[in-house]
Amino acid sequence: MRPDAKKKIAKVTPKSGPNPVIIGAIVAALVIVAVVVAILIGNSSKSVSANDQVGGSGSAQPADVTGGEGGGIVANPGTAKSNAPTIDLYEDFQCPTCGALEKAMGPALTSMAKAGEIKLVVHTLSFLDDNLKNDSSKRSANAVACAADAGKFLEYHAAVFNAQPAQEGTGYTDAQLTEFATTAGITGPALATWQKCTTSGQHAQYVADVQDSAGRAGVNSTPTLKLNGQDITKTLTTASDLVAQVKAATK
Amino acid sequence: MDARGRGRLAEFIGLLARLTLGIVLLVAGGLKVTSPAVSARAVRAFQILPYDFAGYVGYALPVVEVLFGLLLVAGLFTRVSALVGGLLMLAFVIGIISAWTRGLTIDCGCFGGGGTIEARQTQYLADVLRDAGLAACAAWLVVRPRSAYSLDNRLFR
Chain A
39 MRPDAKKKIA
49 KVTPKSGPNP
59 VIIGAIVAAL
69 VIVAVVVAIL
79 IGNSSKSVSA
89 NDQVGGSGSA
99 QPADVTGGEG
109 GGIVANPGTA
119 KSNAPTIDLY
129 EDFQCPTCGA
139 LEKAMGPALT
149 SMAKAGEIKL
159 VVHTLSFLDD
169 NLKNDSSKRS
179 ANAVACAADA
189 GKFLEYHAAV
199 FNAQPAQEGT
209 GYTDAQLTEF
219 ATTAGITGPA
229 LATWQKCTTS
239 GQHAQYVADV
249 QDSAGRAGVN
259 STPTLKLNGQ
269 DITKTLTTAS
279 DLVAQVKAAT
289 K
Chain B
245 MDARGRGRLA
255 EFIGLLARLT
265 LGIVLLVAGG
275 LKVTSPAVSA
285 RAVRAFQILP
295 YDFAGYVGYA
305 LPVVEVLFGL
315 LLVAGLFTRV
325 SALVGGLLML
335 AFVIGIISAW
345 TRGLTIDCGC
355 FGGGGTIEAR
365 QTQYLADVLR
375 DAGLAACAAW
385 LVVRPRSAYS
395 LDNRLFR
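Those sequence lines, one after another, are chains A and B. Note that the numbering used here numbers the first sequence so that position 14 is 52, with each residue one more than the last. Note that the numbering used here numbers the second sequence so that position 25 is 269, with each residue one more than the last.
Careful: at least some of the hints might be erroneous.
Short, incomplete list of chain B residues facing chain A, as computed with Cβ under 8 angstroms [as the list claims (entries may be wrong)]:
no.	residue
1	295
2	304
3	344
4	347
5	360
Covered, in the sense of this in silico footprint (three residues per stretch, anywhere, with C-beta under 8 angstroms from a C-beta of chain A), are these stretches of chain B [said to hold, decoys possible]:
no.	stretch
6	284-293
7	315-323
I should point out that these hints are in silico values taken from the structure, not numbers from a laboratory. Note that the Cβ used here is the ideal one computed from N, Cα and C, for glycine as well.
Kindly generate the complete structure, drawing on both the sequences and the hints.
As structure tokens, then:
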């Protein structure tokens, strides 16, 4: 230390009271620690916790997934004609607008899918759980993935939207989820398999991956409907308009 | 009004600026701090930052808002806290205007929520004006950090 530096330091240091440098350092350290902790906590909530997948591996891919990890489920596997355009539908079972879209467009989508006029890929998102502070989106998304294993994806999907509660956030009970399976026509040993898959959250990690990959693809709201990769949600008016757009996109 | 009276008035304007900016930050952060995933999605909806980095920003932002809101309300390290608050507001204004001009229809997620909404529900102008007003509060405090009833006055004088 230079001899004259001491005097300078003495001049800027307050003679009494707390030292702002020390308090400032403490506050800054607290801020940094809090930010790091917040990022760590936020990041850890992305992967599925152990009790969401009790008894199951939680990472198993359901049947008919397309597009790799976190891809959507093909609602009409093996049915689509070779020239049929692909419709990607991003929905959350708790989203009222998705319920409205299903009412308006669901029958047209289902009939086009069954006739092979489109390849219908459904991405069941679960972000509304965070907003609504429940777990119904994740549980119902897992349940419909289990229904895909039983070959009853479309039927189960329709049953859930048919029973969507009028009040957003009411969610679905476990009993309701089982009821939907019966409505969808899952019976006998298939029902037992479905039940095990559902209660164990067998596809919980898959459900989380779907949410993540949809987010990465820029889908930040539901419903989102893409025709051959192009988002046409905002332009969509009626079911017949959708059918016309599909026809135009058929090669 | 003499010089002392003007100084006193300025200290009260400083107090008002501090409390306005501080309380808004505190409330905005407090509403978001318990749902980091929602906050992350709100930041991602702006489609400005890369996906993962936007997530980190979303996780950190509510905590930063709460802490600097507290510092401002208490009047501790007012100049630095106001600088941080002001830079946040500047970033928000830029983000909102950017989303607006790119034709996105999103909720800014300023007080929780966020993500795409219908075009008629957007309120970009109101959001920008509010944040610009708060940035003005911050600017006042950066230029003139002395304010009435601050911890800075108590501790460091």
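Go through the hint on residue 347 of chain B and say holds or violated, using the shortest Cβ distance to chain A against 8 angstroms. 10 angstroms, violated
Would the stated hint for residue 304 of chain B survive a check requiring a Cβ distance to chain A of less than 8 angstroms? Holds, because the Cβ-Cβ distance from residue 304 of chain B to chain A comes to roughly 5 angstroms (cut-off 8 angstroms).
Interface hint outcome for residue 344 of chain B [beta carbon to chain A under 8 angstroms]: 16 angstroms, violated
Counting residues of the stretch 315-323 of chain B with a beta carbon closer than 8 angstroms to any beta carbon of chain A, are there 3 or more? n = 3 at 8 angstroms, threshold three: holds.
Quick one: see if chain A covers the stretch 284-293 of chain B, three-plus residues with Cβ-Cβ under 8 angstroms. holds (count 5)
Let's test the interface hint: is any C-beta of chain A closer than 8 angstroms to that of residue 360 of chain B? 4 angstroms, holds
Tell me if residue 295 of chain B is really an interface residue toward chain A, meaning its C-beta lies closer than 8 angstroms to one of theirs. 5 angstroms, holds
When each numbered hint is compared with the structure, violations occur for hints 3, 4.
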